[in-house]
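In order, the protein sequence lines correspond to chains A and B.
Per the working numbering, the first sequence starts with residue 1, numbered consecutively.
Per the working numbering, the second sequence starts with residue 1, numbered consecutively.
To be clear, the hints were calculated from the coordinates, so they are not data collected in a lab.
Certain hints may be false.
Label pairs and their calculated CB-CB ranges [unchecked claim]:
hint : chain 1 : residue 1 : chain 2 : residue 2 : range
1    : B       : Met186    : A       : Glu2      : 34 to 42 Å
2    : B       : Asp147    : A       : Ala32     : 30 to 38 Å
3    : A       : Phe7      : B       : Arg9      : 46 to 54 Å
4    : B       : Thr117    : A       : Asp34     : 30 to 38 Å
5    : A       : Asp34     : B       : Pro83     : 18 to 26 Å
6    : A       : Gly22     : B       : Phe133    : 54 to 62 Å
7    : B       : Ala192    : A       : Ala9      : 27 to 35 Å
8    : B       : Phe171    : A       : Arg37     : 38 to 46 Å
9    : B       : Phe145    : A       : Thr6      : 23 to 31 Å
We treat Cβ as the ideally placed atom computed from N, Cα and C, and that holds for glycine.
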Amino acid sequence: MEGVSTFLAMGGYAAYVWPAYGVAAIILIAFAIDSWRRVRVAAADLRRMEASNTATKSGPAMRSRSAAPKPTQAATPATGSSDEFAGS
Amino acid sequence: MHRFANPGRFLRLADRLQPWLVTATMIAFAAGLYYALFHSPADYQQGETVRIMYIHVPAAWMALFAYCTIALASACALIWRHPLADVAAEAASPLGAGFTLIALVSGSLWGKPMWGTFWVWDARLTSFLLLFFLYLGHIALGQAFDDRQRGRRAAAILALVGAINVPIIKFSVDWWNTLHQPASIMRMGGPAIDPSMLVPLLLMAVAFQLFFFAALIARMKAELLSARLRTAMFNRLRAGTAGSAG
Chain A
1 MEGVSTFLAM GGYAAYVWPA YGVAAIILIA FAIDSWRRVR VAAADLRRME ASNTATKSGP
61 AMRSRSAAPK PTQAATPATG SSDEFAGS
Chain B
1 MHRFANPGRF LRLADRLQPW LVTATMIAFA AGLYYALFHS PADYQQGETV RIMYIHVPAA
61 WMALFAYCTI ALASACALIW RHPLADVAAE AASPLGAGFT LIALVSGSLW GKPMWGTFWV
121 WDARLTSFLL LFFLYLGHIA LGQAFDDRQR GRRAAAILAL VGAINVPIIK FSVDWWNTLH
181 QPASIMRMGG PAIDPSMLVP LLLMAVAFQL FFFAALIARM KAELLSARLR TAMFNRLRAG
241 TAGSAG
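Using the sequences plus the hints, can you model the full thing?
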């Protein structure tokens, strides 16, 4: 128990050592959570978009799309990605 | 490098790499913190405040490393129009700002007991504060245009112009009088620091580095997925209007 309080006292410099570690921990953890959340949100949005795309495939929107000049270029990565993100 | 120019390939590589990076980051932080807080001795002059070094120095190194990454990526983006370079620069910027803030705050908390002041306007501290503002400017400029590509180009130019600050920071302690101590690790003649303090310092440096790569890859992945979504929505919109017109 005494060992713990000596450790926490940091030789009288607790007011400087612990805030330094605390600020670093807060910033790094915030970045970790934010980065992880961004991936999750983006992947979920994309999945929802792809799901609604396949739902309307037989609709008139799809027919007109195939008539449009160059939509296949972007449509290819969108469809090819579905298995890529299944694991994430 | 151009093997990874394809965003799809980058995403596959990122997915395979990410679990290992995250695990390695956690192990490095656990080992680094154990050595930094428990295993390493107090300094004979600075006492326990020397433990702030294990946060301060890796954060400062990473602040500079992240900026060099941005400058390099910006050059690739401007010269070769590498499709991932802009994304990398944009993703690295907030992380670099975070590292700079950690270095500034921890340095301030170290300066108060050792120098008797939180802050002095000397070359090292001032140039490091400038680095923080460069990061903020880079983030803001990248988002300041409705046309994302224009914003990214402007940000890339700012990053390259601001790169002049990196050698100024590095050599500020040699060129001008300062309270800040000179380099003790990356100097001629090897590190001037005892192994008992060098080990936790290097472990924490590795941990910060791994953290940077893990977070950078995650943020790049999120941006690439969002770009894919934007393209898909744009195409659907265009297909929709074409359908109603015909």
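Requested in this report: Check each numbered hint from earlier against the structure, then list the numbers of those it violates in ascending order.
Outcome: 6, 9
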